[in-house]
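Chemist: Start from the sequences and build out the full structure, keeping to the hints where you can.
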Amino acid sequence: AQKITQTQPGMFVQEKEAVTLDCTYDTSDPSYGLFWYKQPSSGEMIFLIYQGSYDQQNATEGRYSLNFQKARKSANLVISASQLGDSAMYFCAMREDYTGRRALTFGSGTRLQVQP
Amino acid sequence: DAGVIQSPRHEVTEMGQEVTLRCKPISGHDYLFWYRQTMMRGLELLIYFNNNVPIDDSGMPEDRFSAKMPNASFSTLKIQPSEPRDSAVYFCASSTGSQLKYQETQYFGPGTRLLVL
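For the protein sequence lines, the chains are H and C, in the order given. Be aware that the first sequence starts at 29, since it is given in this note's numbering, and climbs by one per residue. Be aware that the second sequence starts at 890, since it is given in this note's numbering, and climbs by one per residue.
Zero decoy hints are in this set.
Label pairs and their calculated CB-CB ranges:
id, chain 1, residue 1, chain 2, residue 2, range
1, H, ASP54, C, PRO973, 29 to 35 angstroms
2, H, LYS44, C, PRO943, 46 to 52 angstroms
3, C, PRO973, H, GLN42, 38 to 44 angstroms
4, C, PRO970, H, GLN111, 41 to 47 angstroms
5, H, SER56, C, PRO943, 23 to 29 angstroms
6, H, ARG100, C, LEU1004, 38 to 44 angstroms
7, C, ALA891, H, LEU112, 24 to 30 angstroms
8, H, ILE74, C, ASN939, 20 to 26 angstroms
No farther apart than 25 angstroms at their CA atoms in a straight line, the calculated lysine to aspartate or glutamate pairs in the DMTMM-like style are these:
id, chain 1, residue 1, chain 2, residue 2
9, H, LYS101, C, GLU993
10, C, LYS967, C, ASP946
11, H, LYS31, C, GLU951
12, H, LYS31, C, ASP946
13, H, LYS98, C, GLU993
14, H, LYS101, C, GLU933
15, H, LYS31, C, ASP945
16, C, LYS957, H, GLU72
17, C, LYS913, H, GLU72
18, H, LYS31, C, GLU993
19, C, LYS967, H, GLU72
20, H, LYS31, C, GLU933
Where chain H lies over chain C, by a calculated footprint (3+ residues, C-beta under 8 angstroms):
id, segment
21, 933-944
22, 972-985
Please keep in mind that the hints were generated in silico from the structure rather than gathered at the bench. Glycine residues also receive a C-beta, built at the ideal position from the N, C-alpha and C atoms.
Modeler: This is the structure in structure tokens:
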């Protein structure tokens, strides 16, 4: 079974609007971390936001927020006030902490295109 | 502060040749990861080190791949002999081993784009 599922291969959003990128995960570990990374066309992987499984509040970092619904095993990324520079691939990833394994498991990504 | 440094940024080689990719992690980070990105398989872990010791190499495709970390500031990923199916972007990432999980965020290098002809 896929550990990280991103069901939206591509998304379009108008500049200045908000957009939600979906991510669902599958783990039996009681402790885990969820990450979102941005990969622009230049290819680098840029860390955006982190949510721990025990965090009581949804994570926020500037225009990025994470809509964490633990019971539904979802960790959707919300980008508010989209900008043209937000056009990129976005990857959701998980680290399963209970086993002590430090590696990330990535989803297949969502390509976001912001239209003027 | 310098981020993760990888070299070369681009590599074109012929099938059968040896390829060596290099990585310098962020100073003070004690975890180093090698990932590979392809269209077919996405981003996948190859191997990771903690304090220069390989911890998990379950993602290394086969014996043609090897990785070393001789010291805290340098790691190599070697492919010998290379094959066309090794064409991919290879990322190196590093993180700290803090008890504060947030501080274990992995920071990625710019990647090495490898093309094997």
